[in-house]
Every structure is written in structure tokens, then in C-alpha cells.
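> Respectively, the protein sequence lines represent chains X, G and U.
Counting along the first sequence from 1, when you hit position 203 you're at 203 in the numbering used here, and nothing is skipped either side.
Counting along the second sequence from 1, when you hit position 45 you're at 428 in the numbering used here, and nothing is skipped either side.
Counting along the third sequence from 1, when you hit position 4 you're at 712 in the numbering used here, and nothing is skipped either side.
Simulated from the structure, these hints should not be mistaken for laboratory data.
Keep in mind that the hints are not guaranteed to be accurate.
[Unchecked claim] Interface residues of chain X toward chain U, partial, derived using beta-carbon atoms under 7 angstroms:
#, residue
1, Ser42
2, Glu191
3, Ala194
4, Ala209
5, Thr211
6, Asp212
7, Ala215
8, Thr218
9, Thr219
10, Leu223
11, Asp227
12, Ala236
13, Leu240
14, Ala253
15, Leu268
16, Asn295
Every value quoted in this text rests on a predicted model; they were computed, and no experiment measured them.
Beta carbons are placed, not taken as given, at the ideal position from N, Cα and C, and that holds for glycine.
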Amino acid sequence: MKRLFTLLAVVLVSLAALTGCGPKAAETIKIGVNLELTGEVSVYGTPEKLAFQLAVKEINAKGGIDGKQVELVVYDNAYDTAKAVENATKLATVDNVVAMLGSATSAPTLAIGPVAKQYEVLTFTPSGTNAKVTMDGDAVNPWVFRACFIDPFQGLVLANFASNTLQAKKAVVMGSSSSDYAKDLAAIFGEKFAANGGEVLTVEYYTDADTDFSAQLTTIKGLGEFDVLFVADYAARAGLIIGQARAMGIDVAIIGPDGFESPDLNDLAGGAANVSNVYFSTHFSTLSTDAKVQNFITAYTAETGEAPSALSALAYDAAYMLFAAIESAGTDPVKVRDALKATKNFAGVTGTISFDDLNNPIKSAVVVKLENGVQVEASIVNP
Amino acid sequence: MKNLFSKKNLIWLGLLIVFFFLFQFLIDVRIITPYYRTVLYGIGIFIILGVSLNIIIGITGQLSLGHAGFMSIGAYSAAIVMQNMPDMTGLLLGMVVGAVVSILVSFVVAIPTLRLKGDYLAIATLGVGEIIRIVILNLEITNGASGISNIKNLISWPLLFVFVVGAVVLSANFKNSAIGRACISIKEDEIASEAMGIHTTKYKVIAFIFGAVLASVAGSLYATTYYVVKPETFGIATSINILIIVVFGGMGSLTGSAISAIFIGIVNMLLQSYAEVRLITYALVLIVVMIFRPQGLLGSKEFGLDKVLGFRPPSFKKSRKENSK
Amino acid sequence: MQQFLQQTINGLSIGGVYALIALGYTMVYGIIKLINFAHGDIFMFGAYVGMVAVMNFNMPIYLAFIIAMAVTALFGVIIERVAYKPLRKSTRTAALITAIGVSFLIQNGVLMIMGANIYAFPQVIPNQFFTIFGLRLNMLQLVIFATSIALMIILQFIVSKTKLGRAMRSVAVDKDAAALMGVNVDNVITITFAIGSALAAAAGIMVGLYYIKVFPFMGFTPGLKAFVAAVFGGIGIIPGAMIGGFAIGLIETYVAGYGSTLYKDAVVFVILILILLVKPSGLLGKNVKEKV
């Protein structure tokens, strides 16, 4: 009798335990975030994390997706490709997320791509601009998406802007040799500008760690007349170059890619007054009169205390595009991927977005003009 | 050679076989999940790196701070070869290419710099590591700053196991050989060794090349594990990480480096979310270890089977052997 | 020709900065035979302190200079007492590894406290420039150059003409003999660290003012190059560090201007290896035979 009771007790307790730790009815929709959150590159990753969190907060306040709350599982890869791979593996196989967001830069995203493909969970990068990010060798990697236009497009936009709008015939290019972003853009701009009939007088390189560009600028000055200076780099170097160039008397128009956008640009250039006759291409402008953009700017500023940058805007759009896909397809990662791919004319804060065959967005760019450190003009350039 | 099938070696072999199959089983039944498996690969690679640097620093006493440079040579060689041959042949060929290049580079670097002492040597090797990184950053074939991506993932537990065990066994044999003993004597007192007729530069160079080749092999494994190689991965920070593993485990103790690599790998995994604090902790550990226990955790002793099985190392004194029966 | 002169001015400007940092390396090495790997990070620390002084406390620049130099000097002294003093009797390797640990610690400590964002040093000295003979001279470049020279002259005066300087020189030659002669070796070492750190802080602020960008890893490359400069001129020899600093600054600028900007850093390391092979005691150094 005693044995029977013991047996029953054991069975009951086991059943209770089993149901307790059985697969729970998914009460939340888990989305993985794999970003560069520490180290030097965190200046790109952190704004995107904040934008993701804002988007999640907003949608949860509206009741979530299909009545379920959205939950972000956030891991930091510190710009280390090995960590990016580990995080992606964990997100896809341990946390069982529906989809992944990240990274902010191309190198970790390139490492995440094969992992996404292996475990069949998509990854959506807001800002990885290297053309290879969505590729798997020569074919497209169906599991990687991006929300930003790619570098070849930016280079083309800027080259056309220089030739057509600025009527430039001779250009000088400066770029960092330590980042693929800078090198690719410098090369593409040179190609397209030459194709437009312009002449690139020289391409001067430097490294990411440099702060003194007097040697290169002196060389450039010695070349004679030219119409435009293209600085293919992020604000961390571009700002310094603008300041030092102006101090040397180089007054021509200075143009650059979306990397110019940063709250530090004016300070790095030695004062807002130096930042005049400067143009750069970007994903969105705070000058936009679109209600959706203005609402985003207000919400983001209220939430984080800072104005949003292009990265935050892209991340915000990526999050919402993902939400839309999950809403229409449910929580099966494969179906979510299909739904995301099918996105047509999504109205985001960075423009109207559809995906092309290579999982890159078809959208327009904005070219912004800066006078005295402030955005005074923004023109939309369509592909 | 006559000791190849000694009792001790057979026991080690047995243990290794058991260990291998145990882990393979755990992987197959997913107790070791894909995530833990990836972490395991990382630990294996750093065991090889730790052991290889220990040969240079712990056993020969040459403070080399550019070790990540050789890792990058192996990584890029494998990556480049595998762009055209994305299979095991490609990987192995890439490893060989990397090893050959590493031998050449380390030879060229070693001959002049190993004549330097202590501090100067350290900074010179640091400079070498940086030069390698800058060259890789600017060459066409290495794709410069973009790095090489889409490297075929061929890593597996058997492959990793073979290389890790191979590296440790080779290093142990190096340490216990005549060459190894010469190196140890150089570390203990270089001038005395020279006076005893040991050609110090020759042995320092041999040790340096040996360490460089192992690091290169580890680099090739890294490339095939993580899909992407880019120049920044192989900078000062990585060299210092390897240094921390060696210092922590004990300079001169190969098993110490292995244990240290495992420990730090696990700690890294657990402290995933506290990246900055983790780095500061490692820096503090480095300083504290140097102040209070400069020989590292295990010193130069090896954690081996000798003590456990009651063996005594072969002695030259016959009387001792007779008495121990 | 004009471009050559312009590049020369650029080179002398950055050279002055390297010289100031190199002085700290050389003084510390001279006295305790340790390459203070963390010296570049002390330079970075000084830049941050100066920046905080101006940005958050609204101090005028000359006061920020003094405060930053004092705080950094104290910081250097603390590091010496806590991390290096216990290792005075240890092997060179142990001491060097500790220095690496300290460097790592300072970098990541500042990273954690101040964040990864790059800061822009407030531009409190107006950046005017004037043209002489067609050469464009920057006010700040002159200030940097003049301040470097002035500090070096003061240092040289202290070392050669004062009692403290005599004590420093004696400890550098033979620590034990100096102790026997009544010199308080510990104090001398402390003061040496303090002075070296203060100079590095001055360099840090000037770099902040001129190059604007302040970030946690800004000390790494200038630190290494300043070390090369110190070795080039003769490690342990103060005028050597000054000459070495300007030399490296010029060489680097010429390489960037006339050769390839891509390899300008690599060239500096190659120079290091060459010096160590050809004349390890440096330009002004004397070959010291090692006695057993």
C-alpha cells in the first residue's frame, strides 16, 4: 500500500513538474538583438538599440502583435565577429527568437549571415552598408535583409550630385584605408564621377586613428584648382578634416556620405562656423515635414533625451517592418522571412521601402546641405 | 621512441579517447547545444594560442607581444585559399600556406629582434604585430579593411580535437626535448647558458618559429569557425588576451595555459553582458597576479599523470632508481 | 619648396607633442629601467581631465592646464606606488607585463566612465592663423611648439642645475650608491613619475586643443611613437627624447606627404627595429656593456 502511494506521489509530482516546465504557450514574441554595444563602435550600436526599444515600447502600448507582447533579447557583440556568431547561434537555438535585428556595422553582420542561414532565422540589419552583407557567395542569402541603401548607391548619388548640382569638374577624394565603408565609397565615387566626365585629381588615404591631416591637406592644396572635396568617412574623421581644411583655406564644397551625420560634427570641425558649404547624403532629415517623421523625432527625443540620427531612424523602420511581417505571418521564422521579403511600399521614416531581389531596399536618399553647422536644405534623390 | 608505448602514454591515450567520444556524444544529443559548441571551438582555438605563446614566453623567456600577427597570417591564408577551394583540402592547404608564411616572417623577424633583451624585445614584437596588421590592411589580396567573408565553416569537434591535442602534445614534446631544455636554460639565465656553449640566438629563433606556426594554425581554425576575418580582430587586444591566458595559467606550464584558456573562455561566456567590467577585471587580475604570484597559477609545473600514478621522472642516478623499488 | 616647408612645420608641430610624451618615457626608464607601457594612457588621462575641467567646471584654459598636470601627476604617482613599486625587485618581464595590465586598465576604465563616444575638446584658444612667406602658420601650432620647448627647457634646468636634479641623475646611474649617499630613492622615483606624468598631461591638453578629438584609445599610437622617439634619441637621455620627438614627427610627416600615407605608422615601427639593431643606445646614447 505504502509503495503504491509512493508511486502515485512520484507520478503526480513528475506530471506537475513536466507540465510546469513544458513548452509554455508563447506569451511573448521574442525578437533577438545582436549589436555592437560596447567599445568604440558602440556609437553606432547604441542608438539603434534605443530605437528598437522605442518601437517595442510603442507597439506593446498598443497591445503588442496579435495580442502578444514583444520582448527583445539583447546581446552585445562588441564589434567582435566571433562574439557576433556566438550571439546569433544563441539567439536562434537557445532563445528561439522569431527573428534577429542587427548588427549595425557590416563586419559582424557578414559573420551573422551564415548563422542565420544555417538555423533559418532571419537577421535584419538597419545599417550594414557593405554590398556583400545580403549575399552568400554569388547568390543572395535569403535570410539577411537590410534597411539602408548600399554604398554603391550612395556613391552614385553623391557623384551625380557633384557633377549635376554642384557642376563640379574636378574633385579630390579623401578616405580612410582602415574601413571598408570609406574605401568602397571612395572607389565608387571616383568611378561614377569619372563616368560623368569629371576628373579625380587625387585620392588621399589615412587611417582611422589619425587626427592630423595636415600632411594630406597640404598635398591637396598643392594640386591647384578643384571644385569639390569628397570625404568618404564617418564624422569622427570627417569633422576634423572639415575643420583642418577650412583652416588651411580650402573653401570648396565638401561632400560626404551618411557617416557625416553626428552630433559631434560641428565640435570636431572646430566650431559650427566651419561647417558651411558642406553636403552629405543620408537616410532621413529632421527637416522633413512628414508627420510620421516628426512624430518619431518627438518620441525618440522624449525617450532618450537626444535627437535621433539616421541610424536610429533606420533601426526604427527595421523594427516596424519586422512587426508588420510578424503580424501577417505569425511566429514561424520561415514564414516571417517570406512576409518580410514581400514587403511593398512600407511607409517608414526613412522613405517608402520595398525590397529588391538581393534583399536590399529600394528607397530614396536625401542630400542635406549644412550652413554654419545647421541643416538648411534637404533634397530627395530617387534611385 | 622506446617510451612511446609506456604505461603513462597509454593511459593518456585512453583518457583522450574517452574524452573525445564523451564530448562527441554530448554534442550529438544536444546536451552541448550549438551555442555551447561554438563556445567550445573558441576555447580550443585559444588553448592552441595559449600553448604556442607559452613556448615563447614561458619556456624561452622571450616576451613577444605581437603574437596575434601570426594568428592573422594563418587566418588570412586559410581564408584566401578557401575562397577558391571551399573544402577540407582547401582548409588544410590554407593551413600549410599559412604555416610556411609564418615560418618565413617569424624567421625574418626573429633573427634581428631576438638579439634584443627584455623590454626592447617586447616593444619590437609589438611593432612587428602592428606592421603585419597594417600590411594586411593595405594589401589587395586580403581585401584590405573589408576583410574576407563567407569562409566555409568546416570546423567540427573531431577536427578541433585533433588539432588541440596535436598542438599540446607537440609543445609538450618540445618542452621535454633537448631543444626545450636549452630554451628553459636560456630563460633562467641567458648569459650562463651562452657561457655553457648553448647557441642562444639559434634556440630562441627555433622557439619563436615554433610558437608562430602553432599560432598560425590556430588562426586558420579561427577563419573556418567564424566565417569572417578582418584586420581589427588580430590587433593588440588579441595579443594581450593571449598574454593574459599565459600569465594566468603559469608561464612555463602548458597544462596551465590549457586550463587558463578553458577557465577564461567559460568566464567570458558567463559574463557576456558585462563586457567592460570583464576587461577591467582581467587587467586587474594581470596586475595582481604579477605582484603577488608572478609565476602564474601553476608556475612552471605541469598538471600531469606523473604524480597521480606515482611515477618518478627518469633519473640519471642509478642508485635512486634501485632504492625506489 | 614651399610645400616642403609647410610639411616641415606640420612635422615640428606633432614632433613637439611626441617629444613631451617621450620625455616621460625616458625619465622613468632612466630611473627604474622600466618601459612604462601605460604612459600613453596617462597622456590620454591628462587630456580627459583637462577637457572635463574646461567643459564641466568652466575653468579658463591656463587653470585647466595646471589642474590637469597636477591631477595627472598624482595619478602617475599612485600607479607607481601601487603597481610598480612592489615589482622593483622582480624580473623585467614581470614589470613590463604589469605595465601592460595598467595600460589596459586605464583604457577600459576611462572607456567605462566616460563612454565610448568621442569627445570634442572645447576650442577655447581661438584658432587664428597668419601667413608668412606664403606659409600658413596656425596660432595653435605655435603655442604647442613654444610650450613644448619651454617645458623642456624648464626640465633640463631642473635636472642639471638643482639639487633634485642631481639626485635624479644619481639614482639613474646607481640606485644603491645613491641611497648610500643619503638620497631618498623612493621620493626621487615618485617625483620623476610625477614630472613625467605632468608633461604627458600637458601634451594631452595640447593635442586636445589642436586635434580636437578625445577618445579612450587616443594614447596608444602616440604613446608607441613617443617611445620610438625616446629610443631614437637615446633612452634615459633627456635631450635625446627631445631630439627624437621632433625627428619622428618630421619623418612621419614627410612619409605621409611624399610617400604613402597608408604606411606612415608602419615606417615608424620599422625605424624602431632598425635603431634597436644598429645602435640600441640611440643617437645620443653610449653603449653600456652588461656586466655579469
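> Take the shortest C-beta to C-beta distance between Thr219(X) and chain U; is it under 7 angstroms?
holds (6 angstroms)
> Please verify that hint: Ala194(X), Cβ, nearest Cβ of chain U, below 7 angstroms or not.
At about 22 angstroms, which exceeds the 7 angstroms cut-off, the nearest Cβ of chain U leaves the hint on Ala194(X) violated.
> Please verify that hint: Ala209(X), Cβ, nearest Cβ of chain U, below 7 angstroms or not.
holds (5 angstroms)
> Please check whether Asp212(X) passes as an interface residue: C-beta within 7 angstroms of a C-beta belonging to chain U.
Check passed: Cβ of Asp212(X) comes within 6 angstroms of chain U, closer than 7 angstroms.
> Does Ala253(X) meet its interface restraint, that is, does its C-beta lie within less than 7 angstroms of any C-beta in chain U?
violated (21 angstroms)
> Interface hint check: Ala236(X), Cβ to nearest Cβ on chain U, cutoff 7 angstroms. Holds or violated?
holds (6 angstroms)
> Checking hints one by one. Is Ala215(X) an interface residue toward chain U, by the C-beta closer than 7 angstroms rule?
holds (4 angstroms)
> How about Asn295(X): closest beta carbon in chain U under 7 angstroms, or not?
Violated. Min distance 27 angstroms.
> Hint validation: Ser42(X) versus chain U, beta carbon distance must be below 7 angstroms. Holds or violated?
holds (4 angstroms)
> Holds or violated: the hint that Leu223(X) contacts chain U, with Cβ atoms closer than 7 angstroms.
Hint on Leu223(X): violated, closest Cβ of chain U at ~10 angstroms, above 7 angstroms.
> Close enough to count: is the Cβ of Leu268(X) nearer than 7 angstroms to one in chain U?
With a minimum Cβ separation of about 5 angstroms from chain U (threshold 7 angstroms), the hint on Leu268(X) holds.
> Checking hints one by one. Is Asp227(X) an interface residue toward chain U, by the C-beta closer than 7 angstroms rule?
violated (21 angstroms)
Taken one by one, the earlier hints fail for this structure at numbers 2, 3, 10, 11, 14, 16, listed in ascending order.
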